[in-house]
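Protein chains in written order, with our numbering: chain H, 603 to 780; chain V, 603 to 780.
Rather than coming from a laboratory, the hints here were simulated on the basis of the structure. The structure displayed is predicted, hence computed values, not measured ones. From the three backbone atoms N, C-alpha and C, an ideal C-beta is built for every residue, glycine too. A hint or two may mislead.
Not everything, but these chain H residues come out facing chain V in the computed CB check (under 8 angstroms) [unchecked claim]:
{"no.": "1", "residue": "625"}
{"no.": "2", "residue": "678"}
{"no.": "3", "residue": "681"}
{"no.": "4", "residue": "684"}
{"no.": "5", "residue": "688"}
{"no.": "6", "residue": "725"}
{"no.": "7", "residue": "737"}
{"no.": "8", "residue": "748"}
{"no.": "9", "residue": "750"}
{"no.": "10", "residue": "752"}
{"no.": "11", "residue": "755"}
{"no.": "12", "residue": "764"}
{"no.": "13", "residue": "767"}
{"no.": "14", "residue": "771"}
Taking lysine-lysine and the DSS-like style, the derived pairs with C-alpha atoms no more than 30 angstroms apart in a straight line are [what the hints assert, rightly or not]:
{"no.": "15", "chain 1": "H", "residue 1": "658", "chain 2": "V", "residue 2": "658"}
{"no.": "16", "chain 1": "H", "residue 1": "770", "chain 2": "H", "residue 2": "619"}
{"no.": "17", "chain 1": "V", "residue 1": "650", "chain 2": "H", "residue 2": "658"}
There are 2 protein chains.
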Amino acid sequence: MQPTSLHITMRRFYDDKDWPPLWSVLRPAFRAGESYPCDMDIDEAGAKAYWLAPEKNTILAEDAASGAIVGAYYIRPDQGGLGDHVCNCGYVVAPNARRKGVASQMVRHSQNEARERGFLAMRFNLVVTANIAGVQAWQKAGFEIIGTVPRAFRYQNTEFVDAHIMYKWLGDDVQNQD
Amino acid sequence: MQPTSLHITMRRFYDDKDWPPLWSVLRPAFRAGESYPCDMDIDEAGAKAYWLAPEKNTILAEDAASGAIVGAYYIRPDQGGLGDHVCNCGYVVAPNARRKGVASQMVRHSQNEARERGFLAMRFNLVVTANIAGVQAWQKAGFEIIGTVPRAFRYQNTEFVDAHIMYKWLGDDVQNQD
Numbered sequence: 603m604q605p606t607s608l609h610i611t612m613r614r615f616y617d618d619k620d621w622p623p624l625w626s627v628l629r630p631a632f633r634a635g636e637s638y639p640c641d642m643d644i645d646e647a648g649a650k651a652y653w654l655a656p657e658k659n660t661i662l663a664e665d666a667a668s669g670a671i672v673g674a675y676y677i678r679p680d681q682g683g684l685g686d687h688v689c690n691c692g693y694v695v696a697p698n699a700r701r702k703g704v705a706s707q708m709v710r711h712s713q714n715e716a717r718e719r720g721f722l723a724m725r726f727n728l729v730v731t732a733n734i735a736g737v738q739a740w741q742k743a744g745f746e747i748i749g750t751v752p753r754a755f756r757y758q759n760t761e762f763v764d765a766h767i768m769y770k771w772l773g774d775d776v777q778n779q780d
Numbered sequence: 603m604q605p606t607s608l609h610i611t612m613r614r615f616y617d618d619k620d621w622p623p624l625w626s627v628l629r630p631a632f633r634a635g636e637s638y639p640c641d642m643d644i645d646e647a648g649a650k651a652y653w654l655a656p657e658k659n660t661i662l663a664e665d666a667a668s669g670a671i672v673g674a675y676y677i678r679p680d681q682g683g684l685g686d687h688v689c690n691c692g693y694v695v696a697p698n699a700r701r702k703g704v705a706s707q708m709v710r711h712s713q714n715e716a717r718e719r720g721f722l723a724m725r726f727n728l729v730v731t732a733n734i735a736g737v738q739a740w741q742k743a744g745f746e747i748i749g750t751v752p753r754a755f756r757y758q759n760t761e762f763v764d765a766h767i768m769y770k771w772l773g774d775d776v777q778n779q780d
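Extracted from the complex, chain H is given alone in its bound form:
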């Protein structure tokens, strides 16, 4: 249940000017150590190298009213070559913009973005099982849990937790895609 839905607009990461507001969204997510496979104390340069790696494309979610960046996601091929029809995305929402439909809007946008880029499926490789709201949101969006990797993630760097692999086929018709 989302009490209020924030009106957001989506746009591509443009240049270095976009980094400071993006970092302000990423930093609390990384520091929390609850979902992203980077070090909790990753520094700004490390975070920039991680999130803006060459194979990743970043889309920013802006509050349509204020222009503030309230979320972001990256999209990249999950594998190369003969596996490059499957993409992988990672999403993040600013703490003060949670439970306002931002994640749902980004998940929807990312599927269209994936199709536009020619991807036929989307796969998440490390969905921390403790992230129940996230798992439910992705399931609602049509993603299925393919399997669960035991102890794949060190939650807050203090305990091992399992992580789901989630997947959704994005093509209209399998027979016509090959």
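Following the hints, put chain V in place on chain H, whose structure we already have.
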């Protein structure tokens, strides 16, 4: 059933002198388009960049008698930061050295190598289901199928096939690892 078992020795990829014989092992595997997520017609420079990416460490399997390189595997963290206790490996065997126990010896070696590097688990993300011998060999080595990703791989770039995710915990005792 392996009719004869080749006596191999394992050593690290050392320098550019090791590349040509390694490429001679990788090339037929890549050209076959049956297991590796790169382009089937990947050129030598592309293959080198793919296999010798900075995060990958390569171990070579040499025929102990002739010194010829008959196989290789890479080992790398599957994820960064809070997921970097899980590694990922990729194996390749030269066509003329198949069914001689080379893969089994590399799988065994890679688990020890992983433990020495501090990894606690190993995960494969794209085990093409058509690779029945490989799947069985990994299962025999204690890897389990975590899940199966539909149409994750374009087999010989002509048809979609599913791919397993396989996993093995390498730590002795979960309680003592954290």
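Status of the hint placing residue 752 of chain H at chain V (closest C-beta pair under 8 angstroms): holds (7 angstroms)
Interface hint compliance - residue 688 of chain H to chain V, C-beta minimum distance less than 8 angstroms: Holds. Min distance 6 angstroms.
Straight-line alpha-carbon gap residue 650 of chain V to residue 658 of chain H, limit 30 angstroms: With Cα atoms ~21 angstroms apart, residue 650 of chain V and residue 658 of chain H stay inside 30 angstroms; holds.
Hinted contact residue 737 of chain H with chain V - closest CB pair below 8 angstroms: violated (15 angstroms)
Distance restraint between residue 770 of chain H and residue 619 of chain H, which requires alpha-carbon spacing of 30 angstroms or less: Violated, at roughly 34 angstroms.
When the least beta-carbon distance from residue 678 of chain H to chain V is tested against 8 angstroms, hint result: Interface hint status for residue 678 of chain H: violated (13 angstroms vs cutoff 8 angstroms).
Restraint status (C-alpha distance of residue 658 of chain H to residue 658 of chain V at most 30 angstroms): holds (19 angstroms)
Hinted contact residue 748 of chain H with chain V - closest CB pair below 8 angstroms: holds (4 angstroms)
Restraint satisfaction for residue 725 of chain H [CB to CB of chain V, less than 8 angstroms]: Result: holds, 6 angstroms to nearest chain V Cβ.
Interface hint for residue 681 of chain H, Cβ within 8 angstroms of any Cβ on chain V: holds (4 angstroms)
Hint check, residue 771 of chain H versus chain V [nearest Cβ-Cβ separation less than 8 angstroms]: holds (7 angstroms)
Restraint satisfaction for residue 750 of chain H [CB to CB of chain V, less than 8 angstroms]: holds (7 angstroms)
The earlier numbered hints that this structure contradicts are 1, 2, 7, 12, 16.
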